[in-house]
Amino acid sequence: GAVVSQHPSWVICKSGTSVKIECRSLDFQATTMFWYRQFPKQSLMLMATSNEGSKATYEQGVEKDKFLINHASLTLSTLTVTSAHPEDSSFYICSASPGAGGYEQYFGPGTRLTVT
Amino acid sequence: AQTVTQSQPEMSVQEAETVTLSCTYDTSESDYYLFWYKQPPSRQMILVIRQEAYKQQNATENRFSVNFQKAAKSFSLKISDSQLGDAAMYFCASLRGTSYGKLTFGQGTILTVHP
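Chains A and B supply the protein sequences, listed in that same order. For the first sequence, the positions run 1 to 116 when the working numbering is used. For the second sequence, the positions run 1 to 115 when the working numbering is used.
Looking at chain A on its own, in the form it has when it is part of the complex (with noise of 0.2 Å):
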């Protein structure tokens, strides 16, 4: 149990395009998703966290316009990349998690993100 599964796992977009990552929680109600980016051999640095049917809560640093976040549903977050650019290549991780408390969370495979 407690799968979360990310698509795509890894796609490319051009310099200027938009890119849309999904995050679901296969077999339970994530009350609470986080969104995670990591650079090779980099620590995880979270970018946002999100509430079913709330306003994703941005990290400092992180630009909310650049970085759309919706979690539609308890078993769906979206990541949308906008204006991509090179610099935004990376390796983007969801969580989820069932309770408010966030002391469980299950993570996602993961999605490699290259900008050209």
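Some hints here could point you the wrong way.
[To be verified] Pairs of lysine-lysine residues, derived as DSS-like cross-links and limited to a Cα-Cα distance of at most 27 Å, are as follows:
id, chain 1, residue 1, chain 2, residue 2
1, B, Lys102, A, Lys64
2, A, Lys64, A, Lys20
3, A, Lys20, B, Lys102
4, A, Lys64, A, Lys14
5, B, Lys73, A, Lys41
6, A, Lys14, A, Lys41
7, B, Lys70, B, Lys102
8, A, Lys41, B, Lys78
9, B, Lys102, A, Lys55
10, A, Lys66, A, Lys55
11, B, Lys102, A, Lys66
12, A, Lys41, B, Lys102
[As the list claims (entries may be wrong)] Simulated coverage check for chain A against chain B, where a stretch passes if three residues somewhere in it have a Cβ under 8 Å from a Cβ of chain B:
id, segment
13, 44-52
14, 90-97
[Stated by the list, open to error] A few chain A residues facing chain B, derived, Cβ under 8 Å:
id, residue
15, Thr32
16, Tyr103
17, Gln105
18, Gly110
Note that these hints are calculated values from the structure, not bench results. Even for Gly, the Cβ is constructed at its ideal location relative to N, Cα and C.
Position chain B relative to chain A; hints supplied.
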């Protein structure tokens, strides 16, 4: 704010031997949780072990155990009988009880297992 520090960028161990990964953290709160996550080359984050700060007993999961020293704010991970499949990047993380799930991760330790 919480901080988590892993001072060992890389570690190596021989198969079947024991290795300990270090982690220190800093928090002013009394209600918090500590975790070790494993990230293999597939990059899927896998929970290895977790510890509630209010519990004095060290958590254990099969070959993985922690040494939780609350006063020293230390939370090391011991891997016994290391296996080739243990090779991965390991992250120590903390979670404040009031942070609504915001994990704070350490820098990570790359573990190599030699056959």
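Which earlier hints turn out false for this structure, listed by number in ascending order?
none
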